[in-house]
Amino acid sequence: MSCPTGGVVPAEMRRPLLLALALIVLLAAVVEARQWAWLGVRIRDLSEQEMEEIAARHGIREGFGVLIVEVLEGTPAAKAGLQNGDIVVAFNDRPITETRLLQRLIAVASTDADMRLTVLRREGRRQLPVRLAVMPRDIVGDRVAAEFGFVLRGAELRGETAGAGPPSAPPAVAAVLRGGPAERAGLQVGDLLLQVGDRAVLTRDIAREALADVVLDQPLRLTVRREGERLRLVVPAP
1 MSCPTGGVVP AEMRRPLLLA LALIVLLAAV VEARQWAWLG VRIRDLSEQE
51 MEEIAARHGI REGFGVLIVE VLEGTPAAKA GLQNGDIVVA FNDRPITETR
101 LLQRLIAVAS TDADMRLTVL RREGRRQLPV RLAVMPRDIV GDRVAAEFGF
151 VLRGAELRGE TAGAGPPSAP PAVAAVLRGG PAERAGLQVG DLLLQVGDRA
201 VLTRDIAREA LADVVLDQPL RLTVRREGER LRLVVPAP
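Mapping to my numbering: the sequence shown position 77 is 77, numbers consecutive.
Keep in mind the hints are simulated off the structure, nothing from the lab.
Built from N, CA and C at the ideal position, the CB exists for glycine as well.
Misleading hints may appear alongside valid ones.
[Unchecked claim] Here are the in silico distance ranges between beta carbons for each label pair:
#, residue 1, residue 2, range
1, GLU53, ASP114, 26 to 36 Å
2, ARG116, ARG230, 43 to 53 Å
3, LYS79, ARG44, 15 to 25 Å
Let the hints inform the model, and build the full structure from the sequences given.
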C-alpha cells in the first residue's frame, strides 16, 4: 500500500489498516428505504489454514464459515450470546462461506423476528437465536464509506491530543480497498476529507452523518486535501 508521498506504508501499519477494511465493522444491509439491519460484529473471511483446521477439528469434509473477530457491546450479537472467535457457518440453515454472503442474507432478514445463527466453538456446534436491529446512524456512515471502498479515521485516531491543535480537524482516509470504487477514483491513504458532496466535514462524526445520507446507486463526490492541494474526486457507485 502506498502512502500519499509515493512511499510505502510500513508493514506494521499496513496490516491494521487492511484489516479495518476487511472486517468493515458491521454486518448490515439495506432493509427498506434508508434503514439497515444490524448484527453488530466485526468479521473477516477465514484463511485456508483456518479452514483446514476447522475441517479437522469438527470432522467435516470442508472447513468454511466467517470468523467473528469482535462482538460489539450492547448489540444484537451480544444479546444473542455470540462470542469473539465464533465461526458462523449458517444463517437460518443456509451455509455461510464468506462475509458477503452473510451480509446478503441479513439484507433480506426481518428485524421483527428471531433468526438462527449456527456457530462453531471449540466445544462444538451451537445454534443461537438473534433478533437484528436497525443500525445506528453513525455506523451507517461507516458502512456507506466501506461500500465505496474506504475507511476514515478521526483526529483522535491519528495521535492528535486535545489542545494540540484546532478544536476540529478533518478526518483522514485510513484505508482504501484495492480495486474498489475509491481507489479507481484516485482516493489515497492519508487524504484529508474536506467535503462530502457540498457539505463541509470538520470532524469524523460530521463526515459519518453526511455519508449516512449518501445514495449508494449514485457517484459520490468528495473534496480532499493532499499535500496542501485541494482535489475533487468522483467515486463511482459501488
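Status of each hint after checking the structure:
For the pair GLU53 and ASP114, the beta carbons lie near 31 Å from each other, so the given range of 26 to 36 Å is met. Restraint check, ARG116 to ARG230: a C-beta distance of roughly 50 Å satisfies the suggested window 43 to 53 Å. A beta carbon spacing of about 22 Å between LYS79 and ARG44 agrees with the range 15 to 25 Å that was offered as a hint.
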